[in-house]
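**Q** To convert, note that position 783 of the sequence shown is 783 in this note's numbering; the numbers rise steadily by one, no gaps.
Be aware that a few hints might be false.
Derived pair list, reagent style DSS-like, types lysine-lysine, alpha-carbon separation capped at 25 Å [stated by the list, open to error]:
no., residue 1, residue 2
1, Lys724, Lys278
2, Lys546, Lys263
3, Lys278, Lys503
4, Lys820, Lys790
5, Lys790, Lys726
6, Lys724, Lys740
7, Lys302, Lys390
8, Lys278, Lys263
9, Lys74, Lys726
10, Lys790, Lys503
11, Lys742, Lys790
12, Lys824, Lys790
13, Lys302, Lys278
14, Lys263, Lys279
15, Lys390, Lys263
Quick list of the computed label-pair ranges, beta carbon to beta carbon [claimed, not checked]:
no., residue 1, residue 2, range
16, Ala328, Glu1053, 55 to 61 Å
17, Lys74, Leu666, 40 to 46 Å
18, Asp515, Arg432, 50 to 56 Å
19, Leu364, Gln180, 36 to 42 Å
20, Glu225, Arg432, 22 to 28 Å
Just so you know, these hints were derived from the structure itself, not from any lab.
Every value quoted in this text rests on a predicted model; they were computed, and no experiment measured them.
Don't be surprised by glycine CBs; every beta carbon is placed ideally from N, CA and C.
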Amino acid sequence: MKRRRARRVRMPAPRAAMPPDAAQRARALEARESFLVQAPAGSGKTELLIQRYLVLLARVEEPERVMAITFTRKAAGEMRDRVVEALRSARGNAPEEPHKLETWRLARAVWERDQARGWQLLEAPQRMRMQTIDSLCAWLAGRLPVLGGLGGAMEPAEDASESYQAAAAATIRMLDSEGQLAGDVRELLLHLENDAGRLAALISSMLQRRDQWLPRVGLSGDVEELRPLLEESLRAAVEYELSLAAQRMPLVEELPRTLAEWKELSARLLTQKGEPRKKLPAPWTGMTLEPGLVFALARIPKLPEPRYEEHAWRVLAAALRLLRHAVAELRVQFQLRGEVDFIELSLAALRALGSEEAPTDLALALGERIEHLLIDEMQDTSVTHLELIKRLTAGWAGVNEEPARTVFLVGDPMQSIYLFREAEVANFLDLRANGLGELELTPLTLAANFRSQAGVVEWVNATFPDVLAAIEDAATGAIPYTGAQSTRAALDGDAVQVHPFVKGDDEGEAARAVDVVEESLREPEGTVAVLARRRADLVHIIAELKRRGIGYRAVDIDALGGRQAVLDLLSLTRALLDPMDRVSWLALLRAPWCGMTLWDLSVLAEGAPMEAVRRLLHQRAGSLSDEGRRRWERIAPVIDAALERARRVRLRELVEETWRALGGPLCLESARDASDAEAFLGLLDAVDEGGEAEFAALQAEVDRLFAAPDPAASERVQLMTIHKSKGLEFDTVIIPGLDKGKRPPETELIRMVRLPLGGVEHTLMAAVAPTGEQEEAGSYLAGYQSEREKNEMRRLLYVAATRAKKRLHLLGQIEWSETKQEWKTPRAGSMLHALWDAVSDSFHALDPPAAGAREEAAAEYPMLRRVESGWQTPEEEEAIRWRAEGTVEPEPERHSYEWVGDTLRHVGVVVHAWLTRIAEEGLEQWGAARVRERKPAMRSQLATLGVSPAELDAALERVERALVETLADERGRWVLTRHADDRREFALTVAAGGELTNYRVDCTFVDERGERWVIDFKTSTHEGGGLEAFLDEEQRRYREQLGRYARVVAPGEAVRLGLYFPLLRAWREWAAPLVRTAT
């Protein structure tokens, strides 16, 4: 039936036809009703969200009474931009396209409401409350910092790993204290074979996701009181599992009564692999076990006794107490560093709202001010954020209240792929079954697919009912497939192609993937994406793209940590900071700038495992080969000079100057290597602590180092992980590495699973087992987690496949069994295994490899590249000059304080940085109160830049006043409002006349009239009379500078220029001279 329906979309003029789910979409615009909308891939959920938003906006007294929440800043910005564009269009005539007419009609009603009530939404779009869930948490936590537990203004940190590690280390140091905690540390160290490093890593990992366990464990009370509750959850889980089997059991014999009897029955009917025995015992002889019964019976052998073994409980209790203490230590670290992670903001926001039974004044006030709540990507909502939403909407259930309060939740459980942050399918299923707290939700399901051609949709409809689960199960995250109907006609040719390869043919697979890329690029304006489960699956494809000279865009894909230029610089850095780091010193000597042979390194290091290499170089220099000695003598003065300067100069300065003196740039093979080296040198500034660095922090930064996207590359070819592709679409999608598995899950100090059983949520916990050992409860929970991860992998495959608009290409490898002379089944846990029923014929059509074809070829080693032993650093030639333009104000003249120029410049830097942040986060997030809350961070920035203690208070006051005045000024707010093509702190480099010139433009955008603006902030002040004359003089001084900015930002275009003075609430604007570029 699904296939017949899909063929109908091949009829002409599909756009003119109503979508198959038109009634559901119309129902979703009922303003007095709350909905939970399941919106599969390509169903146009963003357009529906915008239409719903417009419907509500046309009915409220003030626009702030409608709040839309997204999960990324990009999504929030795009939604606001689309609403603004709809409002602009509403001022004109109705569009002819039927699919645009409904949005125009709704926007027209809002525009008329805007005119009647004087909202001025086009001039002040920040009045439309569209924000991320994290920014909402930050705002809530900031309103009541004491009740929220933050104790003052805190900056959200993108990466709080150093705080986690410091808190874990402080917790382990409790071993030296007296009392219970010292015993708990000893208990866990004995359990983990006295591996303190592993224990620290496990505690740090648990802190990174404490929102998943802390609400269930709490920070106070006797841990022993948790035991009966946890054991009751174990008992409920076991009874639930047994009930599943009992419900499916035919009336053949009396049902078992105990867990042991159930396990005995399972062993009689199933093999150890969980498959039905070929010959079933009486009275089952001749019967066929239905799949649901087989699944239920296969789980029974893994069921634990519903009580903890004494040793297992002792370890779990010790871990729980230590984790409570680690949370307290983490909050100390946050206070010391003046920052918090996003989890702390979420937890603080919950505390600031109180409970559903006892809401705070803030919760009550918000409940009054917000009438309608819209949330996108609901399937990605964590338990913590879901609880926050419940508290925000507590009391909204009154049906007859005026004004009616509604929620509109949109998501797709088939696209739930963030299990690692507790965004579980069960959350969505629970909302559908039970509503949001006391608020009833009407479930709707969209069916139209506006993205993919009919051929792709038909293949997905035919394939994914078998890929996804057959039966919905909240406990394991199983979700059945929901079909779709394409609104686009089928294209000629195969919509989906399978490209099989023999195991080990990575180069062949990469070559075929790039062939597809080249074929796709022959279509004008066509886009192609290569989507991988892991970054490692793209390595060979990246190499092949580079070999063929095909440009591509990749964000956080091309890791630099393994590049030779980066490894050599890392070794140099570590060697200069640690004379006893033998590995780094030997790597330094092996690197091309020295190039010692392995024979020389062996002579140098053997027999002296505890000696510093630097000392051995003096003691054993005579034993080196003549060439080796000459090579060391060439670099020794450079190394000695660097060691003398170590910790006396900035780390980057030390490493970069040493590297250049050694001849490091001469050893680079390509411009890419130079870019890699520059990226490493850049991160040294981030880890520099008085000229040195913590090696763990340095390595962590290197691990996060990726090649920057090629700015010259077209966006037509993109490489990314499947997770990154969420919400995107491409004409052609290539999914390589289908046969690859994922990394084994990381060990957890406490394994925890939430099970919604019979309408009640149960929490199951078990402590980590010693290496090589198993514990019943832990093994059972591991099985649940494995099942959830398997189901998520299948949903991830659905997300990847549904990014394709026109063509989908699937690539993978299969292994040949020489003994059985047949193709092996793909490994469980791989995407190929999930797709096997749909693609196996293509793989079985492969020719078996010839006997011995896979014998390893003789290893080929690259030739050692070395700088000549007599090479000396040449005098630098002036090939091209560089200068900075407009990055600082060169003349800090008009000011209120007799400061040195550096302090004025530092004030300007901090003001510019915070104005940029305000613009990026949105004006609705900022006011004078929040500026004051952020003063500790501003003070820290000023001090870091070098403002003296004597001038710090006055400098801070100037920064605060500049920000507050801007937020209070109508013109200032307009400048900070998000506009089309909005760029802040826009950096450009222009080559002209033999010079490279760097520009940094404070602000450029296209306003609501379509005019391009280039605006510069000036933090100078003026006292006394003659303000207008002062402003005229400032305009004269900066006229040429802003004119240059206009020419590099928008060459040949008409540009308006503006100077904004935050401390004066003053403004000057003029038209840039139009200089036509040569054609």
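**Q** Taking the earlier hints as the rules, which of them does this structure contradict?
**A** 1, 2, 3, 4, 7, 15, 18, 20
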